[in-house]
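Construct all of the structure, not just a fragment, from the sequences and the given hints.
Residues 1 to 215, numbered by this note's numbering, are exactly what the sequence shown covers, in order.
Hints listed in this document are in silico derivations from the structure and should not be mistaken for laboratory results. It is possible that some hints are incorrect.
Claimed, not checked - Each computed EDC-like pair below joins lysine to aspartate or glutamate, with the alpha-carbon atoms no more than 16 Å apart:
| # | residue 1 | residue 2 |
| --- | --- | --- |
| 1 | K51 | E71 |
| 2 | K100 | E129 |
| 3 | K156 | E78 |
| 4 | K124 | E176 |
| 5 | K96 | E78 |
| 6 | K61 | E79 |
| 7 | K76 | E176 |
Predicted model only: the values in this text are computed from it and were never measured.
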Amino acid sequence: MKNNKFKKKGNRIINRNPVQAKLIPLFGIMRFFFKDLYKKLTLDFKHKDIKKYIAGIDISKEKPDLCFTQEEKTLKEEETVNTTAAVRQALKTFLKEAGKEISEIPICAEYTGQYIWPLCCACKESGIELWLENPAQIKHSSGLQQGKNDQLDARKIAAYGFRFQDKARLYNLPQENITSLQQLTSERDMYVADKSKYQGLLTGQERFMRKQDYR
1 MKNNKFKKKG NRIINRNPVQ AKLIPLFGIM RFFFKDLYKK LTLDFKHKDI KKYIAGIDIS
61 KEKPDLCFTQ EEKTLKEEET VNTTAAVRQA LKTFLKEAGK EISEIPICAE YTGQYIWPLC
121 CACKESGIEL WLENPAQIKH SSGLQQGKND QLDARKIAAY GFRFQDKARL YNLPQENITS
181 LQQLTSERDM YVADKSKYQG LLTGQERFMR KQDYR
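The structure is reproduced here in structure tokens:
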């Protein structure tokens, strides 16, 4: 018995199901629509404003290293003091020398705990975009490391900032009361850790002291 649902055309078998026959034109329209949408999104991405200038900063307790780059080409390197005023002045001087606006040069730095506080304040006061990245992420993306110093680290941070700027998450200082609470909590944790350390040392001295002197 002949099957009316299928029709053979060459080596292909065409399904003549009426529901599918109605859906085929719809699929064609949807494919055209999504293809056009994809094309527009791709063009928008290609014309997206990519930052050519990036500042990479390697933060340390005393003297951060700054590296200003243009498309991974080093323009200026500088060591400054880790205070809000010094960092702000270093950024302001480079912007003036380069003849660039604040919005043209974002900053990429590693998150290093409390040592980033002066940089965060300087960026907020100057209106400069700040991107704080996980140090492990930057290290992983840099591949095999040959040599290590603060100046070289600043260059690597700047290079990372340029290559992955589409993944940047800008940092904003929290409200003052939240910042104070965070800092006080960190200070308390330090005291608790010190207390535990000294209690451990005294425990080992108990049998070498008079009982009335041991607390």
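Do the hints match the structure? See the list:
no. : hint        : result
1   : K51 x E71   : holds, 8 Å
2   : K100 x E129 : holds, 14 Å
3   : K156 x E78  : holds, 15 Å
4   : K124 x E176 : holds, 13 Å
5   : K96 x E78   : holds, 15 Å
6   : K61 x E79   : holds, 12 Å
7   : K76 x E176  : violated, 34 Å
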